[in-house]
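J.: Residue numbers (the numbering used here), protein chains in the order written: chain A, 100 to 197; chain B, 100 to 197; chain C, 100 to 197; chain D, 100 to 197.
What the hints contain is simulated information worked out from the structure, not anything from laboratory work. Please note: incorrect hints may appear among the correct ones.
Treat identical chains as interchangeable: a pair holds within one or across any two.
Straight line, CA to CA, 20 angstroms or less: simulated EDC-like cross-link-like pairs of lysine to aspartate or glutamate [claimed, not checked]:
| id | residue 1 | residue 2 |
| --- | --- | --- |
| 1 | LYS179 | GLU133 |
| 2 | LYS190 | GLU152 |
| 3 | LYS129 | GLU182 |
| 4 | LYS179 | GLU193 |
So you can see what is in the structure, the chains are spelled out below.
Number of protein chains: 4
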Amino acid sequence: MPDRTPLSDAAIHEALDDLEGWTYEDDKLKATYEFADFRAAISFIVRLSFYAEEMNHHPELENVYNTVSIALTTHDAGGKVTEIDVELASKIEEFVWT
Amino acid sequence: MPDRTPLSDAAIHEALDDLEGWTYEDDKLKATYEFADFRAAISFIVRLSFYAEEMNHHPELENVYNTVSIALTTHDAGGKVTEIDVELASKIEEFVWT
Amino acid sequence: MPDRTPLSDAAIHEALDDLEGWTYEDDKLKATYEFADFRAAISFIVRLSFYAEEMNHHPELENVYNTVSIALTTHDAGGKVTEIDVELASKIEEFVWT
Amino acid sequence: MPDRTPLSDAAIHEALDDLEGWTYEDDKLKATYEFADFRAAISFIVRLSFYAEEMNHHPELENVYNTVSIALTTHDAGGKVTEIDVELASKIEEFVWT
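Isolated chain A, as found in the complex (with noise of 0.2 angstroms):
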C-alpha cells in the first residue's frame, strides 16, 4: 500500500520526472490530457475511474470536450501530494495511450 505521508518537494519533483506531462502545483499533481474527441475523452474517464476504485483514491477530474484534467492530492493527508498520488499518475501514464 502507498504510503500517504506528505512526500517533500524534492521527492515529488524527482518523480515528476518520471511522470511527462505532470506538474506539481497548489500542492497537487496535475496534468491535462488532449484524446482525439470527447468519445476517447469520456472512456479515458472511464478507465481511469477503475484505477481510483481500486486504490480508494480519487482524482478531481474535468472535462471539456476532448480534454481531461486531474488534479490529485492525498486528502488524509490535509491536502499534500504523497506516494498514493505519484502511484495513481505513474498507472495513468502506463495506460493512457494504449
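Position chains B, C and D relative to chain A; hints supplied.
T.: Same frame as chain A, now just chains B, C and D:
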C-alpha cells in the same frame, strides 16, 4: 434544432423554474449532482455523454468522488446561455434519477 | 471474502428467493435487465463493472440495444455457482434501479 | 447515410478485405477483440457505444473479462448484412487501437 441565439436574463430565469437545482452564474447554467458513490457518478457521466454527443453540445464537467458539476454555455454564441443549454439541462433532469 | 466452494442446488434456490428476476441454468446464475434505452444499458454496464473489478469476478455480459444479460459462474470452482456469484448478483440487484 | 439494402456475398467478402479480424457468419459481421484487461475492454465498449448511437445502429455485444465480441447485422433488412454494418465495423477498426 434548438436556437443558438443568446437568451435574455428573463428567459433564462423562466427556464430555471423548471430546472430544479440549476443556477445561472457567469453566463452559464450550472448544477451539481451528488450520487451514492463514485461509481454512480461515473456511470452518470457516461449516460450524460450520449446526450452531449447527440446535440454536439459538450458541457464543462467536474467530478470529485460522488459529485458531478456541470456548466453549460454556448461557445458559438460568444459564451452565452442559449436554448441548447436549456435543452441539455432539461434532458439531464429527465434521466438523472431514473 | 465470499466462499468459492460450489453451492448445493438447494442453497442456490434459496439464494434465488432474494434475487428477483434471476434464474439458475447451465450452472450459471442469469438475469436479463431491460432499460429505458441503449444509453441507460451502457451506463449500467459501466457501473456493474466496478463491482466486478472489486470482487475480481467478471460476469459474462451481453448487450443488445436496451437489454443487458448477465451470466455468473465461478471458473475457479470448475464452472459452478458459488457464494461469490450470489454476492455479485445481490449487489447488482441493490443498485440497478437506483 | 449508408444504404440498408442487403449486400451480396461478393460485396461482403470484398468489404472484409479491409476489415482485419472480421468474419462473415450467420448473416452477421463478427469480430472478437482482446484487450489488456477488463478495464480496457469496458472503456472500449463505452467508446464504441457513441458510434452505435450516432448511427442508430446497435451491435450485439458480448464481454467476458478482457474480450469483447461484436456481431453486426441490420434488423431493418431482415437480419442481413448491409452497408451500415460495414461502416460501423470500419469505424471500430479505425479507433480500436488508438
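J.: Now tell me if each hint is right for this structure.
T.: Hints, one by one, checked against the model:
1. LYS179 to GLU133: neither (26 angstroms within a copy, 25 angstroms between copies)
2. LYS190 to GLU152: both (13 angstroms within a copy, 16 angstroms between copies)
3. LYS129 to GLU182: within (14 angstroms within a copy, 34 angstroms between copies)
4. LYS179 to GLU193: Neither, since 23 angstroms and 36 angstroms both go past 20 angstroms.
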